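Number of protein chains: 2
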Amino acid sequence: MMKQQVEIPERLTGKLRIRKPNILVTNDDGDCEGLRMLLEVAKGFGNAHAVIPNKQRSAVSGALTLHKPIRMRKMSEDMTAINGTPSDCVLFYLHSGHYEKPDLVLSGINWGDNTGIGSILGSGTLGACWQAVLEGVPAIAFSLRKKGHEYHDKAVWGDREAIMGRTTEIIRALLPKLDKDNFFSVNMPEEPKNATIVNTNRLQRERFTTQVTKRLDPNGAPYYWISGLEKEIEPGTDADHVIRRKDITVTEVSLKLFAGD
Amino acid sequence: MMKQQVEIPERLTGKLRIRKPNILVTNDDGDCEGLRMLLEVAKGFGNAHAVIPNKQRSAVSGALTLHKPIRMRKMSEDMTAINGTPSDCVLFYLHSGHYEKPDLVLSGINWGDNTGIGSILGSGTLGACWQAVLEGVPAIAFSLRKKGHEYHDKAVWGDREAIMGRTTEIIRALLPKLDKDNFFSVNMPEEPKNATIVNTNRLQRERFTTQVTKRLDPNGAPYYWISGLEKEIEPGTDADHVIRRKDITVTEVSLKLFAGD
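If you read the protein sequences in the order shown, they are chains A and B.
Quick note on the working numbering: the first sequence kicks off at 19 and runs consecutively.
Quick note on the working numbering: the second sequence kicks off at 19 and runs consecutively.
Check each hint, because a few of them may be wrong.
The list treats identical chains as interchangeable, and a pair is accepted whether it falls inside one copy or across any two copies.
Derived DSS-like pairs (lysine-lysine); straight-line CA-CA distance at most 25 Å [what the hints assert, rightly or not]: (1) 61 - 195; (2) 73 - 86; (3) 264 - 198; (4) 119 - 274; (5) 61 - 38; (6) 195 - 119; (7) 274 - 198; (8) 232 - 92; (9) 195 - 274.
Hint data in this document are derived by calculation from the structure and do not stem from the laboratory.
On a predicted model such as this, the values are computed, not experimentally measured, just so you know.
Starting from the given sequences, assemble the full structure and let the hints guide the process.
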């Protein structure tokens with residue numbers, strides 16, 4: 019367990035407030051080892067509480083649940099699950115009255131990288147960060163390159179201490195760069211080859227070739243699966259760095275992209 | 019019914035193809051008058067087919083359904099409903115093998131404007147357009163400033179011919195500007211004051227103040243509604259144009275925003 023107390027810059031927490039920063043931890047996978055690692059890392063920086071979806075909500079983008087009620091279930095002192103999306107988790111934390119105003123949102127650690135432009139829009143992990151900055155709270159998303167679907171198995175996540183150490187160092191490095199208009203998406207290979215972090219906004223256009231597969235149920239009625247096959251990696255892109263060169267990458271997404279003129 | 023046959027530029031359909039363009043019409047409200055108007059307008063430009071969510075999917079952003087199967091139901095010769103999101107509709111149209119490759123995706127006409135940065139990420143109507151351009155198909159989203167929730171009532175949509183006429187003119191104006199890296203989000207007031215279309219990328223940061231309202235069910239257990247209250251309109255923004263000045267606005271969103279360097 020790390021014990022460092024890195025200061026979150028005053029411009030984010032407001033001057034003269036002598037208190038520990040409040041940190042919301044969320045993700046799109048629900049309760050799993052990636053979430054628990056990030057929650058523990060967050061506690062090294064301040065008061066951290068996790069509000070997470072009560073089930074797998076990958077690829078849910080910035081979706082909000084406006085047409086049905088949200089139920090909450092407190093799982094432990096530091097963790098609450100709701101029947102909502104990652105963006106719902108952010109709004110619930112901010113506006114339900116159950117928590118103090120957050121200074122920072124951390125989302126992840128996601129099972130699987132979020133490289134490519136499609137992830138900027140489609141990832142639930144990043145959807146939470148979009149929602150956070152729209153509400154004026156800076157955010158960082160963490161995604162770990164992983165294959166397969168066994169994310170519920172704690173044993174397959176890799177070296178816990180190493181991953182938490184890297185995550186801590188990255189948060190330290192990014193804190194001075196955060197403001198209320200941006201968020202950062204961090205992608206980590208399983209075993210980084212290089213200590214330096216690559217800043218890149220050169221994203222692969224599409225990481226996946228979409229497939230729609232038709233099957234017949236036992237009654238003979240058709241149903242379809244939407245899925246994706248990994249495309250070839252484009253040299254020089256975020257995917258190239260993370261997957262082929264085993265670099266850690268950081269991509270900044272700023273709302274100023276849409277501030278016009 | 020309009021009979022104009024406006025050419026979709028060759029660079030979008032591919033040279034030497036002497037055929038009518040294929041147009042996918044989708045939305046996030048499901049079957050309603052706004053969808054039917056846009057489908058009829060689309061038929062003035064080519065072969066148009068609607069693939070839509072089988073229920074209301076507002077605010078669903080670019081969410082994809084990867085964890086459960088999709089069922090399709092053909093509603094009529096020109097309309098298919100699936101138990102999916104707007105982005106699912108785009109992928110289903112492109113990859114199920116039931117349709118020819120689309121030259122253009124039209125999404126809407128949405129009940130309610132999609133002004134503000136939050137809509138760029140959160141709207142299901144725009145989510146379909148993001149998905150389309152990620153797949154290399156140009157797209158236009160149409161949203162009509164409306165209040166209330168009676169969108170199922172055909173009578174409350176306003177002057178059908180006037181809305182369809184405006185929509186047709188806007189598509190004509192935008193066709194030469196479309197490419198495989200961008201989409202356009204069009205916002206229309208109910209009764210425009212000006213004939214000119216305002217191009218704006220100066221978006222209001224947040225159009226809504228989020229509220230999370232706690233209630234108790236008949237058993238005394240709490241549940242929560244996530245909702246939003248309209249904020250004051252910021253002068254000079256897209257919302258100012260559409261809502262206060264009654265202008266039609268067009269906002270271009272380009273994937274080049276994320277192409278870096």
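Results of checking the hints against the structure:
Only within a single protomer do residue 61 and residue 195 lie at most 25 Å apart by alpha-carbon distance; the minimum there is 20 Å, versus 50 Å between protomers. Proximity of residue 73 to residue 86 under the C-alpha cut-off of 25 Å is found in both arrangements, the shortest distances being 16 Å within a copy and 13 Å between copies. Taking the shortest alpha-carbon separations for residue 264 and residue 198, neither the intra-copy value of 30 Å nor the inter-copy value of 31 Å comes in at or below 25 Å. In the homo-oligomer, the alpha carbons of residue 119 and residue 274 lie at most 25 Å apart inside one protomer (23 Å), although the nearest pairing across protomers, at 34 Å, exceeds that limit.
Proximity of residue 61 and residue 38 under a CA criterion of 25 Å is satisfied intra-copy only: 10 Å inside one chain copy versus 60 Å between copies. Within a single copy, residue 195 and residue 119 get their C-alpha atoms as close as 20 Å, which meets the 25 Å cut-off; across copies the closest is 44 Å, which misses it. Within a single copy, residue 274 and residue 198 get their C-alpha atoms as close as 10 Å, and across copies as close as 23 Å, so both meet the 25 Å cut-off. Proximity of residue 232 to residue 92 under the C-alpha cut-off of 25 Å is restricted to the inter-copy arrangement: shortest distance 16 Å between copies versus 40 Å within a copy.
Taking identical chains as interchangeable, the C-alpha atoms of residue 195 and residue 274 lie at most 25 Å apart whether they share a chain (15 Å) or sit on different chains (23 Å).
Of the numbered hints stated above, the single one contradicted by the structure is hint 3.
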